[in-house]
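Quick note: to get our numbering, add 9 to the position in the sequence shown (first position is 1).
Watch out, some of these pointers could steer you wrong.
[Unchecked claim] Think about it this way: if two alpha-carbon atoms lie no more than 27 angstroms apart in a straight line, the pair counts; the simulated DSSO-like pairs of lysine-lysine are:
| hint | residue 1 | residue 2 |
| --- | --- | --- |
| 1 | K83 | K40 |
| 2 | K75 | K53 |
| 3 | K51 | K82 |
| 4 | K53 | K83 |
| 5 | K75 | K49 |
| 6 | K49 | K83 |
| 7 | K75 | K45 |
| 8 | K40 | K53 |
| 9 | K40 | K51 |
| 10 | K53 | K82 |
| 11 | K75 | K51 |
| 12 | K82 | K45 |
| 13 | K40 | K82 |
| 14 | K82 | K49 |
Quick caveat, the hints were computed from the structure, so don't treat them as lab data.
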Amino acid sequence: METTIIFGQQEWKLARMHWIFRNNLTIAQIKNHGEKITRKSKTKACLFAAVSPTIFTRIMILGSTKAICDHLKKEYQEDERIEKCE
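Using the sequences provided together with the hints, build the complete structure.
Next comes the structure, spelled out in structure tokens:
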């Protein structure tokens, strides 16, 4: 089941979600949902842009931004060059 919600010039297509919108969903809730999705996408894009292509191929299979950050911290925890940058 696909639901399309149009708010101003922004359009969000919500396809096959595990939860269903209630009939009395407010504009603020719709806007909040859109902002959460956009925020997640921006964070992943920044992480992907910050790493080299070889590292990118390893982290692109990870699902969430937290999983990506945890993987990078674990992999480069003992690297002296990384510690100097922090």
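Structure-based check of each hint:
| no. | hint | verdict |
| --- | --- | --- |
| 1 | K83 <-> K40 | violated (35 angstroms) |
| 2 | K75 <-> K53 | holds (10 angstroms) |
| 3 | K51 <-> K82 | holds (20 angstroms) |
| 4 | K53 <-> K83 | holds (18 angstroms) |
| 5 | K75 <-> K49 | holds (10 angstroms) |
| 6 | K49 <-> K83 | holds (21 angstroms) |
| 7 | K75 <-> K45 | holds (15 angstroms) |
| 8 | K40 <-> K53 | holds (20 angstroms) |
| 9 | K40 <-> K51 | holds (16 angstroms) |
| 10 | K53 <-> K82 | holds (15 angstroms) |
| 11 | K75 <-> K51 | holds (13 angstroms) |
| 12 | K82 <-> K45 | holds (24 angstroms) |
| 13 | K40 <-> K82 | violated (33 angstroms) |
| 14 | K82 <-> K49 | holds (19 angstroms) |
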